[in-house]
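> Next come the chains, spelled out residue by residue.
Protein chains: 4
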Amino acid sequence: MIIQLKKNIATSEKEAILNKVKSLGYKTTEVKTQQGDYLVCIGKKEFDLRQLGHMAGIEDIHRVSDDYKLVSRKWKVNRTHIDLGDGVTIGNGSLSIMAGPCSIENEEQVQQTIGHLVKNNVRIMRGGVFKPRSSPYAFRGMGVEGLKMWHTLARKAGIKIISEVMQVSQIEAMYDYVDVFQVGARNTQNFNLLDELGRVDKAVMIKRGISGTIEELLYSAEYVFSAGNEKLILCERGIRTYERASRNTLDVNAIPILKEKTHLPVVADPSHGIGIREFVDPIALAIVMAGADGIIYETHQKPEEAASDGQQTLNFEESEALIRKLRKTFDLRISF
Amino acid sequence: MIIQLKKNIATSEKEAILNKVKSLGYKTTEVKTQQGDYLVCIGKKEFDLRQLGHMAGIEDIHRVSDDYKLVSRKWKVNRTHIDLGDGVTIGNGSLSIMAGPCSIENEEQVQQTIGHLVKNNVRIMRGGVFKPRSSPYAFRGMGVEGLKMWHTLARKAGIKIISEVMQVSQIEAMYDYVDVFQVGARNTQNFNLLDELGRVDKAVMIKRGISGTIEELLYSAEYVFSAGNEKLILCERGIRTYERASRNTLDVNAIPILKEKTHLPVVADPSHGIGIREFVDPIALAIVMAGADGIIYETHQKPEEAASDGQQTLNFEESEALIRKLRKTFDLRISF
Amino acid sequence: MIIQLKKNIATSEKEAILNKVKSLGYKTTEVKTQQGDYLVCIGKKEFDLRQLGHMAGIEDIHRVSDDYKLVSRKWKVNRTHIDLGDGVTIGNGSLSIMAGPCSIENEEQVQQTIGHLVKNNVRIMRGGVFKPRSSPYAFRGMGVEGLKMWHTLARKAGIKIISEVMQVSQIEAMYDYVDVFQVGARNTQNFNLLDELGRVDKAVMIKRGISGTIEELLYSAEYVFSAGNEKLILCERGIRTYERASRNTLDVNAIPILKEKTHLPVVADPSHGIGIREFVDPIALAIVMAGADGIIYETHQKPEEAASDGQQTLNFEESEALIRKLRKTFDLRISF
Amino acid sequence: MIIQLKKNIATSEKEAILNKVKSLGYKTTEVKTQQGDYLVCIGKKEFDLRQLGHMAGIEDIHRVSDDYKLVSRKWKVNRTHIDLGDGVTIGNGSLSIMAGPCSIENEEQVQQTIGHLVKNNVRIMRGGVFKPRSSPYAFRGMGVEGLKMWHTLARKAGIKIISEVMQVSQIEAMYDYVDVFQVGARNTQNFNLLDELGRVDKAVMIKRGISGTIEELLYSAEYVFSAGNEKLILCERGIRTYERASRNTLDVNAIPILKEKTHLPVVADPSHGIGIREFVDPIALAIVMAGADGIIYETHQKPEEAASDGQQTLNFEESEALIRKLRKTFDLRISF
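Chains as they are written, first to last, in our numbering: chain A, 142 to 477; chain B, 142 to 477; chain C, 142 to 477; chain D, 142 to 477.
For reference, chain A alone in the conformation it holds in the complex (with noise of 0.2 Å):
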């Protein structure tokens, strides 16, 4: 059960909501996001909503079946769309593209891709600075003084940034310079990243895990509004499977669940989905005609000498190519 509190709520009003709601046997969790003061309550005994309905200060009661509760559509059936300023927005019901190399490597890069990206029209900018490596001796990143670098040059072009964090230090570090935290498939359960990106004011996107199930998405994205962040993003990146000839199996019926389950945006990436470089076109348009609210996919402008990735990148020419279908794909999409 989730129960959003007036704005204006009294401290004694508010105890009295408490109070009953223990002796009716659940377990409260306060939550305070930026848009709302919610009660989220935990418990199985049946009992007449009117109970509570009509005590003062509080705005809206709803029963949510689902053990996730607050990124459940079962509460809040219209859609969450995140405001990244300067009229850039996810999930407002337009297409978001957020386009990048994999990682930021140096000015001139951070040049050319941004020139690619204003002259498309693209207005999100992925890229890493901090990089999970399966191997200690392979590149970890820039680290914040690429990202300061890269934060100038995007400032000027009207581009905003979307970049991993990799653990609760670097938050802090980062948060002057990013507009999206990107939570990584290996720590979409870092349980203590998560709670604290909840105490933080920016959006996050959480890519699902590496063999993360749909539940546990949404649960992890559970820990971030539960902890005070509703400003959040969901991605489909591709699972583990025992194919391969793709570096992963995309899963494209995560696309219809996700919009199905939760109000908060969903996107997808072509790039790790299947992590071949010329097929990442069809699949990229493959996740708008499913229903996807964004794409993030990884363009470089000489992916052959790409710091990481460079197999699945696309250089700008293709990219743009992409980009023109993307659009028409997604027009068609909202036509029907």
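Calculated from the structure, these hints are not laboratory results. Among the hints, a few may not be true.
Same chains, same names: a pair is fine if it fits in one copy or spans any two.
To be verified - The calculated lysine-lysine pairs, modelled on BS3-like cross-linking and capped at a C-alpha distance of 27 Å, are:
hint : residue 1 : residue 2
1    : Lys443    : Lys185
2    : Lys217    : Lys186
3    : Lys148    : Lys297
4    : Lys443    : Lys168
5    : Lys148    : Lys301
6    : Lys443    : Lys186
7    : Lys161    : Lys147
8    : Lys186    : Lys161
Small disclaimer: the values here were computed from a predicted structure and weren't measured.
With chain A fixed as given, assemble chains B, C and D onto it according to the hints.
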């Protein structure tokens, strides 16, 4: 290596080629299909193709590095298309739509389904008369009698029939009444069945195994082709993964990968691919955008009363809406 | 519900029972096996078993909540054991060892293998004469001629034969020469083959599907049993997962789970289960400790020259050492 | 390539080596652990090892063809064993048993568990005070206060403590109270956590990821080792597959494979590996027979009242019976 022989090759010419190939250390399989005569030569020794190229009776020679040979695009760049007669083809650059119930149940059902297909200009009807069921106590289909009834009604309406064959002994019984034999996911590696279907002059659609790899699907097609039948269609239908929110995980990646690896037409089945009625529509559109040559899905006049698979079956209204969207999506794709 | 009928039941008594069951809303399958006559009744309505219990001709009645019935331990608590004659049994409380080459290759190989088995008091020899191969160009086995040669040599030495049957038409041809028909992992859900094996009076060992569930394996056994053959053995042989360090992932969990769910003997195959020769030994011992009734593995006089699966095949020296350890491990287990 | 440096190497000697290695086109990571100083050199150029072998300050040089280096047995053939003090070691050729509850709940529970362990001469107790939970509303553990209470009681009884650390900030808080830091399956690729644990002088046990490969587990260990801590233990705990009859699929194959690939001790967790209380016993014995150095499982005085994981937790009677069997099984194994 594949050697395509001339139509009018003399016996002595063929023997000379066979001897030459043998002397090079290669093992040869003679393949005679509806379209041509081939020698598939398996061996490892490197040699100069010109040693063979000048020999009488040879139309064409191709090296094929893949382990599957006849189904590989490395040998045959031009796409194969399957002509079912009466203007119905698969893989000729248009979108093939195949629809119908999971199981053939009775005459009225067939009549109504045919009416729905004719109305929407769909020319191929799917339906099962032999049903593979996990439990021996479940409904196993109407058998050949059902097929004959269906065939009579379908022929009148100009509708082609695709239906699953489960074992060798059914091939002859079904032969006069089907246009496409379907090999189901549990029989993808039933090699005896594949061998026998290679001796038949009817199209064969092979579904990917329940957890079959893309490569295994290609090998299964190679079985049929090398036994003499090149009228082949491949079908992606979802694979088994750990995810429980959908019945199967439709492997949308498989579509562009198969189109790259083989010259055979590639279709996909969104009904089994996701297994949830309300999401068949977006997944079907995604399949088209990913590059499929066709789509096969389940529709029934009253899905809630279907003898099997009702939970993933569209009613005719939903089916009609989907057909309209499929065609618009396909038109957009080929405009790119 | 399973109704076991009396051996000498009168036709009129049986009809009375069938009518009564029908009147209760249950659908009945009559099953006649080597051991008994059963009525398997499928339905949902609750009723008092005593309505049937007093009827003439009934030996025993059991409710079985599982969807598989005849193979369930909820019906038959006592373990089934399979008597192959000449003092060779499976599932009678001793450890059954089945060993031999992947493929039967020639007389000398068979003779040497038999010598190895006799020396070590192993009574059952495995070997393939029909080989399911992904590629149509690979070695497909010696066929029935090889089986006859093997049978002649084995009979002289008192050795029993287990060999894979791939299709219905092979059953009759193999019948006189095998003691146990093996259903391979690619045929676990070849329902027509299972049906036909239900009509045979020889033991059948069913291997778990390549990515088959434990429940599907039980259903496959139910097919054979309900068609009339209760001489059944189940075999865990590794499942397909994402892990690439081994050929398959032996699901050791399946052993105690199967032993809990069914009264049939359960064996496992470490050779396919891990696929790496040097690790067959520890995995075989683990299988015994997990509770298996037997083990089936590959051995060959010269594994490096074996026609197939050499990489997972023990030589005779390794095999002999393993047999010794298997027996000591089994002795320890039953001492607990 | 791994260069082990002499303990008393002079700075000038080390610089000479570093320069030489650099001149050969190799990238070097300096690693200083409790046991030694190493240079891990990554590069591809072939050269004659003798160019380095004669240089002053070098103890030993090994080529390691694996991509992980320091944890590879290709470098260090002798098994690593971990000394926890007071005669408690892991990996020294005896069987290490670690048992205890999923979650530390209260003083009485800890006291009773310690009593059970002491009675059975088990020296290492497991228990969680920080619990990773899918849902933010579930019990998250007693935290450091619970750990301190546990530590006080354990020290009196001569019991060592293994407990999960979930994030970098907990390392310092837990340091004085644990003997082995456990990295859980959701954190196997939390690279920042691994890096930090490399800077600690306490043993670390890394659990395999929920769907982690064997290779990824080795790389994760390489992270800790290369950051300075070679007191490492690897733990197989079941992987995520499609099978739903058990919680996870214990990958028993991983045990001999890991023992072949690494010199680190390998243990396994049957409680998580199968997730069903009544089957923990046979799976635990299978693990021992497969070659594990130890076993970690869950036990609780009243499993049905445990705060978490009760369905896979043994009571003390079952635990005592298991310990007895584990030791007999291990004795048999080492007698082979």
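> Which of the stated hints cannot be reconciled with the structure, identified by number in ascending sequence?
3 and 5
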